[in-house]
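Engineer: Sequence:
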Amino acid sequence: MKAGASVELCGGTHVAATGDIGLIKIVQESSIGSNLRRIEAVTGQNSLAYVSTLLDQVNVASEMLSTNSEALIETLARKIAEVKELGDEIKSLRSSAARARAGSMIEKSSNGVVVERVDGLAPADLRELAIAVRLNPSIKAVVLGGITPTGGVALVAATGVGLKPRQVS
Numbered sequence: 015m016k017a018g019a020s021v022e023l024c025g026g027t028h029v030a031a032t033g034d035i036g037l038i039k040i041v042q043e044s045s046i047g048s049n050l051r052r053i054e055a056v057t058g059q060n061s062l063a064y065v066s067t068l069l070d071q072v073n074v075a076s077e078m079l080s081t082n083s084e085a086l087i088e089t090l091a092r093k094i095a096e097v098k099e100l101g102d103e104i105k106s107l108r109s110s111a112a113r114a115r116a117g118s119m120i121e122k123s124s125n126g127v128v129v130e131r132v133d134g135l136a137p138a139d140l141r142e143l144a145i146a147v148r149l150n151p152s153i154k155a156v157v158l159g160g161i162t163p164t165g166g167v168a169l170v171a172a173t174g175v176g177l178k179p180r181q182v183s
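Residue numbers for the sequence shown follow the working numbering, so the first one is 15 and each next one is one higher.
Quick caveat, the hints were computed from the structure, so don't treat them as lab data. Among the clues, some could well be false.
[Said to hold, decoys possible] Here are the computed lysine-lysine pairs in the BS3-like style, where the Cα-Cα straight-line distance is at most 30 Å:
id	residue 1	residue 2
1	154	178
2	122	105
3	122	98
4	122	178
5	105	93
6	154	105
The whole structure should be built from the sequences, with the hints applied where relevant.
Structural biologist: See below:
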């Protein structure tokens with residue numbers, strides 16, 4: 015039996031008894047074609063080392079989440095739900111802040127046009143702000159640009175919702 019190289023699963027035909035192979039742990043399964051599956055596994059001492067590594071990772075994750083290994087999945091699901099809830103709350107707060115900021119931009123508009131530099135907003139937040147500004151019926155156009163938190167540049171342009179397309183003759 016070779017170690018490290020690709021070895022096909024043979025069902026133990028190369029050993030006197032299948033018990034000689036020891037523990038078999040499937041580590042991955044994937045599709046390699048129509049009706050063809052590839053199974054990757056480790057056996058013997060390698061499988062014991064693999065399972066030991068997995069248990070170590072479970073213990074580290076349990077410590078990080080201040081729980082025991084039996085409650086790890088439940089605790090992780092609860093934390094994921096909390097993160098999603100906090101993300102939704104942040105999105106709502108950003109939207110409220112955009113609406114408040116939009117009001118001051120609308121007040122400073124010139125002939126229904128808002129052109130401002132707004133640094134520190136992610137492109138999605140800059141877009142949200144432009145949408146909040148353009149919803150005002152007195153706004154004809156909005157152009158916002160700025161440097162994003164990651165150092166990139168974002169530019170958003172929008173026309174007012176009340177603006178009618180020109181007739182071309």
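Engineer: Now tell me, hint by hint, if it's right for this structure.
Structural biologist: Hints versus structure:
no., hint, verdict
1, 154 / 178, "holds, 10 Å"
2, 122 / 105, "holds, 26 Å"
3, 122 / 98, "violated, 36 Å"
4, 122 / 178, "holds, 23 Å"
5, 105 / 93, "holds, 18 Å"
6, 154 / 105, "holds, 26 Å"
In summary, the structure is inconsistent with hint 3 from the numbered list given earlier, while agreeing with all the others.
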